[in-house]
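> Sequence:
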Amino acid sequence: MAGASPTDTEECSLETARRQLGSYAVPVDRTDRIPLSVAVGRVLATDATANEQVADAAIDVGETVFERGQQVRPADVGLLKSAGITELLVRQRPQVGILPTGDELARHVSGADTRIETAGFTLAQYVDRWGGKVTYRDPVADDPPALRMAVQRDLTRDVLVVTGTEPGDTLREVVRELGDVIADRVAISPGRETGLAVVEDRPLLLLPESAVAARVGALQLLRPLLKAFGDAPLTPHPTRTRPLTDGIDADPARHTFVPVAVDDAGATPLPGTDVATATRADGWVAVPEGTAGPTAGDNVDVEDWDYLP
Numbered sequence: 001m002a003g004a005s006p007t008d009t010e011e012c013s014l015e016t017a018r019r020q021l022g023s024y025a026v027p028v029d030r031t032d033r034i035p036l037s038v039a040v041g042r043v044l045a046t047d048a049t050a051n052e053q054v055a056d057a058a059i060d061v062g063e064t065v066f067e068r069g070q071q072v073r074p075a076d077v078g079l080l081k082s083a084g085i086t087e088l089l090v091r092q093r094p095q096v097g098i099l100p101t102g103d104e105l106a107r108h109v110s111g112a113d114t115r116i117e118t119a120g121f122t123l124a125q126y127v128d129r130w131g132g133k134v135t136y137r138d139p140v141a142d143d144p145p146a147l148r149m150a151v152q153r154d155l156t157r158d159v160l161v162v163t164g165t166e167p168g169d170t171l172r173e174v175v176r177e178l179g180d181v182i183a184d185r186v187a188i189s190p191g192r193e194t195g196l197a198v199v200e201d202r203p204l205l206l207l208p209e210s211a212v213a214a215r216v217g218a219l220q221l222l223r224p225l226l227k228a229f230g231d232a233p234l235t236p237h238p239t240r241t242r243p244l245t246d247g248i249d250a251d252p253a254r255h256t257f258v259p260v261a262v263d264d265a266g267a268t269p270l271p272g273t274d275v276a277t278a279t280r281a282d283g284w285v286a287v288p289e290g291t292a293g294p295t296a297g298d299n300v301d302v303e304d305w306d307y308l309p
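Quick note: the sequence shown uses the UniProt record's numbering, first residue 1, plus one each step.
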């Protein structure tokens, strides 16, 4: 049943958006048995116990090497192998459907009236790195029956991400018919057009067309959601402190994220919200809601969003 959504003036804060999405993130209880050689990044569904003694690590046969919930690191596999463990029972990766929308988009070939879809394709690579299992769909035109069918098709996934959408468009209308739009906007910049919805108890993240805005929404909302589904730790991004070469004009009413280029002179804010800007960024500076933007010469923490995992 469709429900009411906030008006444009009832903007959802970033923290509220995270809580709303997180309330639907029940850790995946499906499991896979996999060889040790492909275990890095996966989360243990049971304790890993030693089949052989590891004298150097004071581990006896039958003792726990790593407990359930451990996310396997590259350094861990050596110890597991020493303990005679050749395969592991791990949680299945959360399943993510990525649905690009837009009349002018094409997946492979662009023509006079079309352009290559990039936002959804880029997000698919991030989701894979964050531990999700991706189904990346062909772009869907701005047509109610086609959009309805596309959304319903991926309700078997744990979460559905739609790109190229904004408040008041056809996709939002279709989602309201199928379920609830719980927030039409999120107080982030760029990406205020980001929305949250729920259809048949499946969370939907609705991202705008801009490459930079879509990346902000995915990093800040989808990544924590996937970690919660996978019962994996949400590790902070590495940071480095640099002086700003130019000031940042931030709206105190919103949580602002600014791509920057880093060199010997410091961190320089990059203009634009297109794919080239997102690609040139060496890192991102976050300005929390209620905070004035830093000025030239101020030291800022530059977050590396491309760090694994």
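Since the hints were derived computationally from the structure, they do not count as laboratory data. Just so you know, these numbers come straight off a predicted model, no measurement behind them. All C-beta atoms, glycine included, are put in the ideal place defined by N, C-alpha and C. The reader is advised that the hints may include incorrect statements.
Here are the in silico distance ranges between beta carbons for each label pair [unchecked claim]:
id, residue 1, residue 2, range
1, Ala106, Thr46, 57 to 63 Å
2, Asp113, Arg280, 27 to 33 Å
3, Arg280, Thr46, 40 to 46 Å
4, Ala57, Asn299, 37 to 43 Å
5, Asp60, Ala253, 57 to 63 Å
6, Ala57, Arg176, 30 to 36 Å
> If I claimed the Cβ atoms of Ala57 and Asn299 lie 37 to 43 Å apart, would that claim hold in this structure?
holds (42 Å)
> Should the hint that Asp113 and Arg280 are 27 to 33 Å apart at their CB atoms be regarded as holding?
Since the Cβ atoms of Asp113 and Arg280 sit about 28 Å apart, the hinted range of 27 to 33 Å holds.
> Does the Cβ pair Ala106, Thr46 satisfy 57 to 63 Å?
violated (45 Å)
> Is the hinted range of 30 to 36 Å satisfied by the C-beta distance from Ala57 to Arg176?
violated (56 Å)
> Do Asp60 and Ala253 keep their Cβ atoms within the hinted range of 57 to 63 Å?
About 59 Å separates the Cβ atoms of Asp60 and Ala253, which means 57 to 63 Å holds.
> Holds or violated: 40 to 46 Å for the Cβ distance of Arg280 and Thr46?
Distance hint for Arg280, Thr46 holds at roughly 44 Å.
In this structure, the hints that do not hold are numbers 1, 6, in rising order.
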